[in-house]
Amino acid sequence: MTPPRSNGTISLLTDFGQRDPFVGVMKAVILAACPDATLVDLTHEIEPQDVRAAAFWLERVVGFFAPGSVHLVVVDPGVGSARRALACAAGGQLLVGPDNGVLEPTLRKDPDALVVELTDHRLASIGRTFDGRDLFAPAAARLCAGAVPEELGATLQDWERLDLRRPKQRGASITGAVVVVDHFGNLISDIELDPEQQVARVTVQGQRVPWGRSYSDVALGQPVALLNSWGCVEVAVRQGSAAAYFAANSGTRIELLLGN
Amino acid sequence: MTPPRSNGTISLLTDFGQRDPFVGVMKAVILAACPDATLVDLTHEIEPQDVRAAAFWLERVVGFFAPGSVHLVVVDPGVGSARRALACAAGGQLLVGPDNGVLEPTLRKDPDALVVELTDHRLASIGRTFDGRDLFAPAAARLCAGAVPEELGATLQDWERLDLRRPKQRGASITGAVVVVDHFGNLISDIELDPEQQVARVTVQGQRVPWGRSYSDVALGQPVALLNSWGCVEVAVRQGSAAAYFAANSGTRIELLLGN
Amino acid sequence: MTPPRSNGTISLLTDFGQRDPFVGVMKAVILAACPDATLVDLTHEIEPQDVRAAAFWLERVVGFFAPGSVHLVVVDPGVGSARRALACAAGGQLLVGPDNGVLEPTLRKDPDALVVELTDHRLASIGRTFDGRDLFAPAAARLCAGAVPEELGATLQDWERLDLRRPKQRGASITGAVVVVDHFGNLISDIELDPEQQVARVTVQGQRVPWGRSYSDVALGQPVALLNSWGCVEVAVRQGSAAAYFAANSGTRIELLLGN
Chain A
1139 MTPPRSNGTI SLLTDFGQRD PFVGVMKAVI LAACPDATLV DLTHEIEPQD VRAAAFWLER
1199 VVGFFAPGSV HLVVVDPGVG SARRALACAA GGQLLVGPDN GVLEPTLRKD PDALVVELTD
1259 HRLASIGRTF DGRDLFAPAA ARLCAGAVPE ELGATLQDWE RLDLRRPKQR GASITGAVVV
1319 VDHFGNLISD IELDPEQQVA RVTVQGQRVP WGRSYSDVAL GQPVALLNSW GCVEVAVRQG
1379 SAAAYFAANS GTRIELLLGN
Chain B
1139 MTPPRSNGTI SLLTDFGQRD PFVGVMKAVI LAACPDATLV DLTHEIEPQD VRAAAFWLER
1199 VVGFFAPGSV HLVVVDPGVG SARRALACAA GGQLLVGPDN GVLEPTLRKD PDALVVELTD
1259 HRLASIGRTF DGRDLFAPAA ARLCAGAVPE ELGATLQDWE RLDLRRPKQR GASITGAVVV
1319 VDHFGNLISD IELDPEQQVA RVTVQGQRVP WGRSYSDVAL GQPVALLNSW GCVEVAVRQG
1379 SAAAYFAANS GTRIELLLGN
Chain C
1139 MTPPRSNGTI SLLTDFGQRD PFVGVMKAVI LAACPDATLV DLTHEIEPQD VRAAAFWLER
1199 VVGFFAPGSV HLVVVDPGVG SARRALACAA GGQLLVGPDN GVLEPTLRKD PDALVVELTD
1259 HRLASIGRTF DGRDLFAPAA ARLCAGAVPE ELGATLQDWE RLDLRRPKQR GASITGAVVV
1319 VDHFGNLISD IELDPEQQVA RVTVQGQRVP WGRSYSDVAL GQPVALLNSW GCVEVAVRQG
1379 SAAAYFAANS GTRIELLLGN
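Chains as they are written, first to last, in our numbering: chain A, 1139 to 1398; chain B, 1139 to 1398; chain C, 1139 to 1398.
Treat the hints as calculated values from the structure; they're not laboratory data. Do not rely on the hints blindly, as some may be mistaken.
No copy is singled out in the list; a pair is fine if it fits within one copy or between any two copies.
Calculated lysine to any residue pairs in the SDA-like style (CA-CA distance at most 20 Å, straight line) [to be verified]:
| id | residue 1 | residue 2 |
| --- | --- | --- |
| 1 | K1247 | S1263 |
| 2 | K1247 | T1293 |
| 3 | K1247 | I1264 |
| 4 | K1306 | Q1336 |
| 5 | K1306 | A1338 |
| 6 | K1306 | G1350 |
| 7 | K1247 | Q1336 |
| 8 | K1306 | D1250 |
| 9 | K1247 | W1349 |
| 10 | K1247 | G1378 |
| 11 | K1247 | G1284 |
| 12 | K1247 | A1338 |
| 13 | K1247 | P1186 |
| 14 | K1247 | G1201 |
| 15 | K1306 | A1385 |
| 16 | K1306 | E1393 |
Build out the structure end to end from the sequences listed, making use of the hints.
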């Protein structure tokens, strides 16, 4: 497969929050090197160092971007350590980030994924606390300006895998867990279903939740389980917070029984 | 009136928050269809499902955009239900959003407003929980790329009205309410005045508040009422929070007496 | 020195928060006047009226932008008062903001800084509560579109200085203070060091903190002091919050002893 060429768009996904100008200065570095880049914030509110949540979202959103988009992911508990830095091509997209598993579920989907270790191109600056600015942003800018990953470092044959707890299936019974509590309090689980699959029942914190197709299938304030727009089983409360209703959070068990 | 053609700018106004990549993925969908779009975030911190607050701000901000801007509004408690989806031209601007009243105060100002029901152009995807991504963003991208609303669906003659509680005037006395508590704790009311009108007094939570022209008309920590830059009566505390000072919030009554 | 011409990029640094569409409407005003501007948010989460924090970050980030970038700074406790409004050229960058000291540390670094008082070009609008929209954004747009500061007003020879408490040095002993607690809980101090300087010890809240070069020099949950990527002494806890660990906040004293 020919690696994709940049289309000029760079997405940013970090745990930097928005209180400090950290994301803004990464954008300054990118625009200084690649003035025509189009920048899209995915989120900067990943919980600090939550590599799994960042990996979960990255895997699900890249397919909505035009081929040749660059995705700059900086959730990097190992900044300043010997952990490697990566530039990759996979699934028609370009990826830049630390070698800590955050890119790995996205890479896993493409058997022809190309991964290189970023070996130079560090911004001349003091300190070792901000590789987002000094290492990853310059690499993303180079990809955006037309470089292929091989120009940024030597090809790797293996990289860190992410230890994802995957749902367990036994017959028609699937046990998964909440991976994301979203802004609305919806409980997004790691159970992925085919849209045609029938669901007999979903149980959360010992309570049965009716299966539906949209939030409006139940009355205001009532819970519903459904297949959400990310292909995951989700438990919601119509115009309310399922996290509050069920006293649930990331890691809460979700049990599902397939069938009519 | 000829409906305006897009100038390439799209504003986004939602209650999605910024914790999840929901806004980012809408932008991905827009840019995949319309790579040269210029995207402007109005806010994504509307309280979940607060259609009134979104409508209040939309009505006040559109006039600051160049004619032909597209405004994508997704505050959509009825997602997945039978509520209609709209694309509109009004006041020289283009609007996209659910038919739940959120666009209606803006439409009301233009007797020649054009409203169509979005009937197709849904993104091929699973789930019914994210019309922002699957229905509204593609429509905004089409308008941005040059389509007129009529190309997106059939013209409607009526649409949902927003049940706005408007201020009540009896002689020189006006009773309104706080509609927005802003980031600084300022109390923005629904009382709109002409800049030339004289105000004798303003009362909040039983306390008289002096009338002024700017925050700096009073000492630090003191309250002042004034006509703010949105044309609304606002109660503020200089370099402090009026919401805290008056223990006020959205819905708190504001009483105003016209005259010298 | 010839003042720089705009490269088309405008950064925004405010205390407006993100709950209200205040930043979005400033962008609308800019884009209406200068449709090709590239907009970069530095942060809008400066604590309300915290001129010092805004000045601290502005001084440190401007150098990462390409020459000729415009920086629009609106932390403006004196809005509506007689405080002046400024447009400046300094260090190859263009600056717009209130004359309250927020631009001054950045101006101080360039002996050839050019400062003018914004005297006209106010947007025709009601109210005196939003100079960000009505005065500063139009000025930034004019600079972005190619105007030089002198076209926006009369040159000033002096302007408000910022009363910065600077660290005190006595022999090898330096006493500074935390100026920013960042999103991760890191304590960023006002002590700037040369990367070659040796540090014997750092003390915070009576506790000695080991000196290191990166967060990963200590075990998880342990504190470390280092020279961060802004050139400042910082106290951190590896994958934790130093603010919580030391019960520290903005203003907490940091003591440092130079030497081996």
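Each hint tested on the structure:
Taking identical chains as interchangeable, the C-alpha atoms of K1247 and S1263 lie at most 20 Å apart only when they sit on different chains, with a minimum of 18 Å there against 36 Å within one chain. Taking the closest pair of Cα atoms, K1247 and T1293 come within 20 Å of each other only inside a single copy of the chain (18 Å); across copies the shortest separation is 44 Å, beyond that limit. For the homomeric pair K1247 and I1264, the shortest alpha-carbon distance between copies (19 Å) is at most 20 Å, but the shortest distance inside one copy (37 Å) is not. In this assembly of identical chains, the alpha carbons of K1306 and Q1336 lie at most 20 Å apart only when taken from the same copy (18 Å versus 54 Å across copies).
In the homo-oligomer, the alpha carbons of K1306 and A1338 lie at most 20 Å apart inside one protomer (17 Å), although the nearest pairing across protomers, at 53 Å, exceeds that limit. Taking the shortest Cα distances, K1306 and G1350 never come within 20 Å of each other, neither inside one copy (22 Å) nor across copies (44 Å). When the C-alpha separation of K1247 and Q1336 is checked against a cutoff of 20 Å, the pair qualifies neither within a copy, at 26 Å, nor between copies, at 48 Å. Proximity of K1306 to D1250 under the C-alpha cut-off of 20 Å is found in neither arrangement, the shortest distances being 28 Å within a copy and 58 Å between copies.
Taking the closest pair of Cα atoms, K1247 and W1349 never come within 20 Å of each other, the shortest separation being 29 Å inside a single copy and 43 Å across copies. Taking the closest pair of Cα atoms, K1247 and G1378 never come within 20 Å of each other, the shortest separation being 35 Å inside a single copy and 33 Å across copies. Taking CA atoms no more than 20 Å apart as the test, K1247 paired with G1284 passes in neither setting, with 24 Å inside one copy and 36 Å between copies. When the C-alpha separation of K1247 and A1338 is checked against a cutoff of 20 Å, the pair qualifies neither within a copy, at 30 Å, nor between copies, at 50 Å.
Taking the closest pair of Cα atoms, K1247 and P1186 never come within 20 Å of each other, the shortest separation being 26 Å inside a single copy and 34 Å across copies. Taking the shortest alpha-carbon separations for K1247 and G1201, only the intra-copy value of 11 Å comes in at or below 20 Å, while the best inter-copy value is 40 Å. Taking the closest pair of Cα atoms, K1306 and A1385 never come within 20 Å of each other, the shortest separation being 23 Å inside a single copy and 43 Å across copies. Only within a single protomer do K1306 and E1393 lie at most 20 Å apart by alpha-carbon distance; the minimum there is 10 Å, versus 53 Å between protomers.
Checked against the numbered hints listed earlier, the structure breaks hints 6, 7, 8, 9, 10, 11, 12, 13 and 15; every other hint is satisfied.
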